[in-house]
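Fit chain B to the known structure of chain A by using the hints.
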Amino acid sequence: MHQLIQYIQSYLSSDQTPGAAGNIFWAIVYILLVFAGLSVAVIAMNWLERKILAHMQVRLGPMRVGPHGLLQPIADALKLLLKEDIIPAEADVLVFWVAPFIVTLAAFTVFVVVPFGPTHAITDMNIGVLFMLGVSSLSVLGIVTAGWASNSHYPLIGALRSSAQMVSYEVAMGLAVVSAILMTSLNAEGTGTLSMIGIVEAQQAQGEWFIFKFFPLGLIAFFIFAVAMVAETNRAPFDLPEAESELTAGFHTEYSGFRWSLFFLAEYSAMIAVSSIAITLWLGGWLRPFPNWLSGATWDKLFSFFPGLSFLFLAGMCFFNAARMPKHSFFRIQTIGLAAFGALLGLIGLALFIPAVRVRIQDIYWFSVKVAAFMYLYIWYRGTFPRYRFDQLMKVGWKILLPVGLGVLILTATVGLWPVIRQTIWHP
Amino acid sequence: MLIGGILVITRRNAVHSALALIAALLAQAGLYLMLYAPFVAGVQIILYAGGIMVLFLFVIMLVSIERTQRERQFNRQWLVGIVAAAALGGLFITVYTKGKGIFPDRALPPVEAQNTQNVGTLLYGQYMFAFEIASLLLLVAIIGAVVMAKKRI
Chain A
1 MHQLIQYIQS
11 YLSSDQTPGA
21 AGNIFWAIVY
31 ILLVFAGLSV
41 AVIAMNWLER
51 KILAHMQVRL
61 GPMRVGPHGL
71 LQPIADALKL
81 LLKEDIIPAE
91 ADVLVFWVAP
101 FIVTLAAFTV
111 FVVVPFGPTH
121 AITDMNIGVL
131 FMLGVSSLSV
141 LGIVTAGWAS
151 NSHYPLIGAL
161 RSSAQMVSYE
171 VAMGLAVVSA
181 ILMTSLNAEG
191 TGTLSMIGIV
201 EAQQAQGEWF
211 IFKFFPLGLI
221 AFFIFAVAMV
231 AETNRAPFDL
241 PEAESELTAG
251 FHTEYSGFRW
261 SLFFLAEYSA
271 MIAVSSIAIT
281 LWLGGWLRPF
291 PNWLSGATWD
301 KLFSFFPGLS
311 FLFLAGMCFF
321 NAARMPKHSF
331 FRIQTIGLAA
341 FGALLGLIGL
351 ALFIPAVRVR
361 IQDIYWFSVK
371 VAAFMYLYIW
381 YRGTFPRYRF
391 DQLMKVGWKI
401 LLPVGLGVLI
411 LTATVGLWPV
421 IRQTIWHP
Chain B
1001 MLIGGILVIT
1011 RRNAVHSALA
1021 LIAALLAQAG
1031 LYLMLYAPFV
1041 AGVQIILYAG
1051 GIMVLFLFVI
1061 MLVSIERTQR
1071 ERQFNRQWLV
1081 GIVAAAALGG
1091 LFITVYTKGK
1101 GIFPDRALPP
1111 VEAQNTQNVG
1121 TLLYGQYMFA
1131 FEIASLLLLV
1141 AIIGAVVMAK
1151 KRI
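Those protein sequences? They're chains A and B, same order as listed. According to my numbering, the first sequence is numbered sequentially starting from 1. According to my numbering, the second sequence is numbered sequentially starting from 1001.
It is worth saying that the hints were derived from the structure and are not from the lab. Heads up, the beta-carbon is just placed ideally off N, CA and C, and yes, glycines get one too. Everything hinted at is true.
Part of the chain B face toward chain A, derived, beta carbon under 10 Å: (1) ALA1018; (2) PRO1038; (3) PHE1039; (4) ALA1041; (5) MET1053; (6) ILE1060.
Chain A extracted, bound-state conformation (with noise of 0.2 Å):
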């Protein structure tokens, strides 16, 4: 007992992920609190896309469950749960059964390497950014044989459509990761790496996020990765294997009950997964901002009670519309629903000051914001663009992303090397 405790104790001290201190303890810890953080955020996500949404084509969206709708995605997990599950007759049971299981474990096992913070990871590997890369593109093939399992003419055509989308996206994908990948080297060393813990300390110790590296070389990559990436998740305006006005719901529309959760979870998180991508290569991972312009003791500590803050701000928002709920006996328990809710964040916000805390909670903090933000950034797209139609999509990806995601390439790698080709030069 006394030898189990000092093992748990060890890895507090070890200043390592637990994957490389080898702690089998702290690693399901920390799976499982990935895991439950990436479920609640799914749940969130659902709820704020829908209000969003609903608020950008000025609706109300969910309002009947719970104050503002609140407990509306808990209304529908219930429901989702409850439904009767349906397999097709003509249906390929097997493969049927398989293909949610094959995109949901795609879509979370790539969280093994994310980095939340400097050893708030659950493993860092020596081909991270490539395991992410690889694993998610995965779920191609969960979405296909969803397709292909179903029988049915929609699911089949939405499923060629994804797979030959994905693929495509993949290409130029690749590139704008590579051209990052490249910046990492220019150390004194010259190697770079592929791991994404080792990506973000790059960036620290070269003082400046990718996204500004060699302007605007970083920013066009950014910007490839950006678009490959909604596309890579299948999501507004390249949602064209599930588009809703020509195959009614493409790959999953046989699914039902807990199997369409499955999808919906693993669409979700693998959206998280390639935002988490894109902020480490580009946007520095659980960096805070302005690290160069604000720096030292002082500033530190402010940008640390940024947590704490923003969990008061948001109590405060809920306190400030239970007061505005109408005064009628109809809606006094979500009142006080509402109230009870902004007292349990303003209680996780002062929670963050503690000291301890704080320090420890403000790597993953930031990342969460920049995660956040490319969520937002998701459901703005989907509020704004029109789809494409699939030629357009394929040339968009193959005669201008892919191209200029070369472009972007080479060029980075000649003036990451400038320093040597000029001194070949000009000093032979």
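Relative to the frame of chain A, chain B by itself:
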């Protein structure tokens, strides 16, 4: 990996075969990981499981399944098959029993942390010429595919 491989050739349904092949390829990536070659494992997942097999599935889905179900699955050349299998098996057994001299005595020290960097330096340093030839070959293949697919360029 063996189970996956056996399933690939015994399933009647081509899509099931393809899925079994994916499982076999993923298992192979696992083998690479155990040999301290994470880079090769990652590339294996991206290229084979993620890229090539998707195209395989893409093509298989367009083929009618009813026809493949009717066709005979195995051809009747047992003799050739047995000879080939015996030759390969014999080779394996010889290498396993007498092959001590071929391989180095100890396993090499694991260099996992620098694996990717080492692969890069070797590819672009010592084996630069072979690497460039291989990429030229691929380029020729791409151009050939485009020429064959398009009647009018």
